[in-house]
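Chains A and B, in that order, are what the protein sequence lines are.
Per my numbering: the first sequence = residues 1 to 445.
Per my numbering: the second sequence = residues 446 to 697.
It cannot be assumed that every hint is accurate.
Stated by the list, open to error - Restraint-style ranges between C-beta atoms, simulated for each label pair: (1) B:Ser643 / A:Arg13: 53 to 61 Å; (2) B:Ser643 / A:Pro210: 30 to 38 Å; (3) B:Asp671 / A:Cys202: 50 to 58 Å; (4) B:Arg650 / A:Ala30: 35 to 43 Å; (5) B:Ala642 / A:Asp211: 27 to 35 Å; (6) B:Glu632 / A:Ala157: 25 to 33 Å.
Source of the hints: derived by calculation from the structure; they are not laboratory data.
No residue lacks a Cβ here, since even glycine has one placed at the ideal position from N, Cα and C.
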Amino acid sequence: MTKDFDPAAAGLRESATFDRSTIAAIQNAARTGIYDIRGGGAKRPLPHFDDLLFLGASMSRYPLEGYRERCDTDVVLGGRHARHPLHLSTPVTIAGMSFGALSGRAKEALGRGASEVGTSTTTGDGGMTDEERGHSKQLVYQYLPSRYGMNPDHLRAADAIEVVLGQGAKPGGGGMLLGQKITERVAGMRTLPAGIDQRSACRHPDWTGPDDLAIKIGELREITDWQTPIYVKIGASRPYYDVKLAVKAGADVVVVDGMQGGTAATQDVFIEHVGIPTLAAIPEAVRALQELGVHRQVQLIVSGGIRNGADLAKCMALGADAVAIGTAALIALGDNDPALDAKYREIGSAAGYYDDWQNGRDPAGITTQDEELQQNLDPVLAGRRLANFLRVMTMEAQIIARACGKAHLNHLEPEDLVALTIESAAMTRLPLVGTRWIPGQGTGI
Amino acid sequence: MGTLITDLPTDRPNADPELVAATGTCAARFDLATATVRALNAALHAEPEGSSAAYEVSHPRGAHSIAVGINRPVSVRIDGHVGYYCAGMNQQASVEIHGNAGVGVAENMMSGRVHVHGDASQAAGATAHGGLLVVDGNAAARCGISMKGVDIVVGGNVGHMSGFMAQAGRLVVCGDAGDALGDSVYETRIYVKGTVASLGADCIRKPMRAEHLAELAELLAAAGRDDDPADFTRYGSARTLYSFHVDNAASY
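If we strip away everything but chain A, and leave its shape as in the complex, we get (with noise of 0.2 Å):
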């Protein structure tokens, strides 16, 4: 086969089935004997916020003078029964990410970024770092089944405390992080040997179920005095029955993470076949909280592959609170820059290919504990494109909301929205564009 022979020229023809990718998986396992690991979320096409629109101002609708009229965008987060909610000047947060999977200097960065912008960062399985508590004005604390680095200290040191039930890169998994990341710190943290696999439990080690949940949050708001708001994180796969239990054991803040929505370490399988669209999911939280009379109490956090201010919009307009972003946010410190393209060839890969956080080999110096290729990462730059990210973002989310009338990034409603594809009008309950048809309510005719 010559260097320029064309396969489809030639009229041959790939299988819609069987694709490259599908063949080269197969060829994998049947050499190895180990399915795939990777970072990041689900890569299949999946429903998603480009299926929505927005009807900007109109007759019948007043816009807001783009850089002259006021469009705020603060958040207060779990003011329903902790004394000190988290108050953020965008409702962009950053979303949990471990000191182990991501390293020192990346945590760093995320809090320099997300500090500089008057937003939140969050921690991850295996405790809390002084690199991210020193750099975060506002820092959630995630309390996890392994409890690896779980300490009071830490506890009372947070700003909120993330009760993690799941996550929507895979719901009912535990965390996964290989020998090739735990180094001697990392493993010291986790009171675990190093350079084993740590495969970190799915299921909370001291409750199960929604009644010792309750039980559970009862006694972290005693620990911390009740100063302290309390999030319930959930993989997206119930979120209408998840929400509702949430609320009921006491959540101040429920956070849905979708599909789309990254991991460090995880089998492909888990990633693209289990969970739901963050699309899909947020409409059911929403219907939860509604039913339950507390929708705007309990604030609604979602994440999962949003990318830009219009998905952050989107989100807001379909009933969230606000948003947490990973993969974005890594992609803003320097994850899979084409700068770096030559040295991801050398591991295999290409930037925007780059998906191997798990093996520890990371050019940009994010997804490593290698002490040399963390040198290829500066926390100080890293966190000021970070901040600018957050920046573009929130103003995008700005530039919609203001040509939809809105003085505030929370007055945007479903009504501004319709849905591109009978498909997301059916998860969304929007109208599909140039109709009154919602799927499964009539012919709107």
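Use these hints to put chain B onto chain A, whose structure you have.
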């Protein structure tokens, strides 16, 4: 009655006037038939650094989250049965429960001592990083689950899946152990005097060397027990599942 402290000022906010009058100490009494768990925990959290005040708690009536999040070397005596998470995340304090304990007693304890004079429900000492948990009676399922450095001594039996994913510390069982003991255990050392219904994945019987007899003797003495260390068997990780290999898939 817990240890009475005589060198603390008697005008502290939590002082019990009757106790002060009778003893000249500032120990505090909380009757949970009338006082709330919130008031008790708030008082414990308000103790000044280094305080070794003595608390007496009566009528706990199975309430949850009693004496959680303490970070002072105080002593707390509880007369009666407690609910979930009693002495949860304890640091420094000595907590005596004269009754049975619900789920997750001393969960995530960092230091100090928790002594259950009755039985303990499941997940006793879960994820605890340090300190000593003593259960005079039996402990139910998942005793010492994901323990990370705590020492646990159980006078009676433990239920199934005890020591599951136990990472560090020592688990001593003076009675029998239920099914799947030490499943996926990491570096915790488990000592059992009686029978073991079955061992979990990657958990094996190991020889008792002199250092093990010595540390077991210390643990038993610390728990106030006179069992003979020579009667125990040691169990721990075979370490074959530390790194995943497809040939071990049948073990999971």
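Q) Using the C-beta atoms of Asp671 of chain B and Cys202 of chain A, is the stated range 50 to 58 Å upheld? A) violated (41 Å)
Q.
Please check whether Ala642 of chain B and Asp211 of chain A have a Cβ separation lying inside 27 to 35 Å.
A. holds (29 Å)
Q) Should the hint that Ser643 of chain B and Pro210 of chain A are 30 to 38 Å apart at their CB atoms be regarded as holding? A) Once the Cβ atoms are compared, 31 Å apart, the range 30 to 38 Å for Pro210 of chain A and Ser643 of chain B holds.
**Q.** Cβ separation of Arg650 of chain B and Ala30 of chain A, checked against the hinted range 35 to 43 Å
**A.** holds (38 Å)
Q: With 25 to 33 Å as the target window, see if Glu632 of chain B and Ala157 of chain A comply at their CB atoms.
A: holds (28 Å)
Q | Cβ separation of Ser643 of chain B and Arg13 of chain A, checked against the hinted range 53 to 61 Å | A | Distance hint for Ser643 of chain B, Arg13 of chain A holds at roughly 56 Å.
Hint 3 from the earlier list is the only one contradicted by this structure; the remaining hints agree with it.
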